[in-house]
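Taking the hints as your guide, dock the two standalone chains into a single complex.
So the protein sequences, as listed, match chains Y and G. Numbered per the working numbering, the first sequence finishes at 261, counting up by one with no gaps. Numbered per the working numbering, the second sequence finishes at 283, counting up by one with no gaps.
In short, the hints are calculated from the structure, not lab data. If you're wondering where the values come from, they're calculated on a predicted model, not measured in any experiment. Glycine residues also receive a C-beta, built at the ideal position from the N, C-alpha and C atoms. One or more hints might be untrue.
Unchecked claim - Residues from chain Y that keep clear of chain G, each with C-beta distances beyond 12 Å, as calculated:
no., residue
1, Arg-18
2, Glu-43
3, Ala-69
4, Gly-157
5, Leu-194
6, Pro-249
Stated by the list, open to error - Under 10 Å between C-beta atoms, here's a sample of chain G residues computed to sit facing chain Y:
no., residue
7, Leu-131
8, Glu-145
9, Glu-146
10, Val-149
11, Met-150
12, Arg-153
13, Tyr-155
14, Ile-158
15, Thr-159
16, Asp-223
17, Asp-226
Take a look at the letters that make up each chain.
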Amino acid sequence: MSRVEERPLLGVRGLGKRYGAQTGCLDVGFDLWPGEVLGVVGESGSGKTTVLNCLSGRVAADAGRVEYAARDGRIVDVLGLDESARRRLLRSEWGIVHQNPRDGLRMGVTAGANVGERLMALGARHYGQIRGLALDWLAQVEIDLDRIDDLPETFSGGMLQRLQIARTLVTGPRLVLMDEPTGGLDVSVQARLLDLLRGLVAELDLSAVIVTHDLAVARLLAHRLIVMRGGEAVESGLTDQVLDDPQHPYTQLLVSSVLHP
Amino acid sequence: MNQYNFAYLDEHTKRMIRRAILKAVAVPGYQVPFGSREMPLSYGWGTGGVQVTASVIGPDDVLKVIDQGADDTTNAVSIRKFFERTAAVRPTTRTDEATLIQTRHRIPETPLQAGQILVLQVPIPEPLRWLEPREAETRKMHALEEYGVMYVRLYEDITRHGKVAQTYEYPVLVNGRYLMRPSPIPKFDNPKLDGNPALLLFGAGREKRIYAVPPHTRVRSLDFDDHPFEVEHWDRPCALCGARGVFLDEIIVDDKGGRLFVCSDTDFCARRQADGGAGGDRP
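Chain G extracted, bound-state conformation (with noise of 0.2 Å):
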């Protein structure tokens, strides 16, 4: 791979990118436009957040890639493929010895600690898209901090389901101050994303926008007085470790009804079994 560049993305464009991400750093949850270059993946697939971690990663950086919170998926594995083949660096799937982690949909249960860089893959940047669907008038409402609108939506949640039925992409203001879609992770991840100890990075290549949530920045999940903000619960303990308290994916087993509620991050499920911890509490 002598012919590319140190992690593909050439000088240029990593300097481009590492001021926006310095912008965004500054201005909490604003979403700084970018100049998005063609990947060699589709989109869809992650090239913002690969265009991210191109851009801040070093040679000696420990690299883990999660899709859906698993290390052995697919995007997962070719993505941290990728960073072995152009940028040399050592890959790993434990969230407590990565210095920067990619990935999409999940943040790792594992707590993170300051100086991790997590970079999220992020769809469809703008939390008012939905609701507004001019581009123009989204940011004027970004600028003067006009969000009733998304309060709309949750009142029209209530009012059809009992409930805010959206469970990922739940919005977040951000510092008080700007409202903020958290890539599609699940709502029981938003808790993680207040006061954070390490820096968050959300990359979306195709809508070329770039925004961050500084470490032990205040993030709030959007709700009434009467109707707080809840994340899911399970009513069973991990299937395979025992953790409850943390988020599990549903898996059929057989074609007879038969199902299995696990871990939905991988490394913190594995690590748990290695240490003989099933049947106890998340640490």
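Isolated chain Y, as found in the complex (with noise of 0.2 Å):
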């Protein structure tokens, strides 16, 4: 894909949070480009899931500025929205992945409801082309056309880790929040977890905001890195330099803390 994007289509600057004498994150600030895929790492506290919030509005930023160019064009001001365009724009051109998918989830209702259920929020009224969207995305997302009508309840780890992502893919977002989408599952539905975003990203051409710990997860997916620690981001840049070249003491210990088995 050889397309020229004069502007990003994230703009993050200056991103703070505290929570009373607490900082959540501090002065953060990168740019998204369109089809980018950039991977937030850092330990446990260092602020990530913080960014990712303030981003999608779950949680109010004290400081900074996020600007997103919509599909329209437009620039908008993403922290200065008010409640109802802010949900507008998380069903229409966001979507966000949770760490836990019963968090991203409608527990109580089948499969198919689930992937359908933004589709009708944005106003599809067709039974069988919502249905028929939902089996499309089962199978993108490697579940068996027959588990449609079964209840989330029954689904595996794995399995409702990529219902959730199907749910949230079905509507065509363009930028997509994950809050370490791995996390929790055993390696080997993992590593299946990753082969299958990682084939999603680059055929949608999805951009994506990646939180997580595993440095192995970031290498695969993201294509650029910011390190967080204390709330600030500490060093940026290409995934593969920040890995093997670490700059920053911290990043350092961060590489060198990774087992290999």
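In structure tokens, the structure reads:
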């Protein structure tokens, strides 16, 4: 894909959030370009998830500016949106994949309804078409089509996460925010999910911000990395560059802490 | 009953409820909170409807009370008697004579006229209640018109049963804006909500909400393009008056499996029988 884009999809400047005396994140800034996957790595409590929550509006940021280039070409001041516009943006152009698939899924309704919900929220009113798209997406995330009428409760952890991804991507979002998408899954299931995600991101030309503490996940999925510590971004750069030639002492520590079996 | 104010409620309460009603009429389908009072009947027996009725009733009103279509069941009889004693209004069972009708679970078969008020008793006013447990969140969903989840429910019904299995309290969209739970009327009565010339008031006593469908308001039952909304059909007419195209109750008549299908609207059925209309169709 050799497109020339003049402006980033998402521009973040000086993002800050305090929880009382605690620092959530401090002066975080980055640009996300169309088709790019940005990894945010760091240890637990480093502010990764706070950054993601500030972006999605689940947590109100104290400082900073987030600009998003919407589908219609307008530049949207994300933090300044009123709630109705923000929720509409989250429904139509953004997608969120939660660490725990139970947070992103409706456990009481069938897999098909879970995938169809965002379509119906955007105004789809044809049962047959909704179901057809749900089947398409179950196939894309490698869930057996005869499971479409089963409740998510009967799914394994890996299937739940794949179902959540199908549910998020069915409306064709341009930007996906993922919080530890492979967290809590065993290694072989993780590998399969990573394969799937990598394929989907390339195929759909998605832009994504992926928060993870797992450097292997970051290396596989992310084009660029931000390393966070104590709420601040201590290092950023191309993924291979950051992981193979870490400059900041904390990044060096982080990279050297990875176990190689 | 001289020790009570006219129509039982004190004038301040009536004024408060009338204000809520005015707001409900101004924003069709929107649930207006109000300070629901203790009434001399238990929750679930129509405390909301009784308060609405008490607030709009006047000495010249002619009152009809319906319970499940019938004028002679306990709930209907006691509420009618309550207003006879506290407001000295003239009671009637005839839909066309009444100026004010309080009803539980039915809209009369006889078409309502401009100037009439129909008060419906509502147990649970929130249409999103079993889909979203948080009240703060359901209010936000109403404010932002986020009704996709209601369609999820319809989708589930079609997936499991091949059709929308909801037969009462079938969700409607009022005036193209607010999702509304039309109280537990059968979905058979949903089309009567649409463009009705009468004023429809909904009162929920325990949940402390009042909402309204003003005359000639668009009320659309939710559906899918390829699974359109349908009402119930019976393959036989009423066994007593012969009416077709009306809502029928099934009555067990003996212990040998004998059963009868008769009009649920007793006033409608009795008048058709009196007019010798047996065998005919709906007027």
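Quick check for students: does the CB of Arg-18(Y) sit more than 12 Å from each CB in chain G? holds, 25 Å
Does Arg-153(G) hold up as a contact with chain Y if the rule is Cβ-Cβ below 10 Å? Hint on Arg-153(G): holds, closest Cβ of chain Y at ~8 Å, below 10 Å.
Can we confirm that no CB of chain G comes within 12 Å of the CB of Leu-194(Y)? The assertion about Leu-194(Y) holds, with a minimum of 30 Å to chain G.
Beyond 12 Å from each Cβ of chain G, as asserted for Pro-249(Y): About 45 Å separates Pro-249(Y) from the closest Cβ of chain G, which puts it past 12 Å; holds.
Would the stated hint for Leu-131(G) survive a check requiring a Cβ distance to chain Y of less than 10 Å? This interface hint holds because 9 Å falls under the 10 Å limit.
Should the interface hint for Asp-226(G) be scored as holding, given a Cβ-Cβ cut-off of 10 Å against chain Y? holds, 5 Å
Val-149(G) as an interface hint toward chain Y, with CB separation required under 10 Å: holds, 7 Å
Asp-223(G) as an interface hint toward chain Y, with CB separation required under 10 Å: With a minimum Cβ separation of about 8 Å from chain Y (threshold 10 Å), the hint on Asp-223(G) holds.
Taking 12 Å as the cut and beta carbons as the points, is Gly-157(Y) off the interface with chain G? Non-interface label stands for Gly-157(Y): nearest chain G Cβ at 23 Å, farther than 12 Å.
Less than 10 Å between beta-carbons is the criterion; does Glu-145(G) satisfy it with respect to chain Y? holds, 8 Å
At 12 Å, judged by beta carbons, does Ala-69(Y) keep clear of chain G as stated? holds, 24 Å
Interface hint status, Met-150(G) versus chain Y (Cβ within 10 Å): holds, 9 Å
Every hint, counting from the list given before, is met by this structure.
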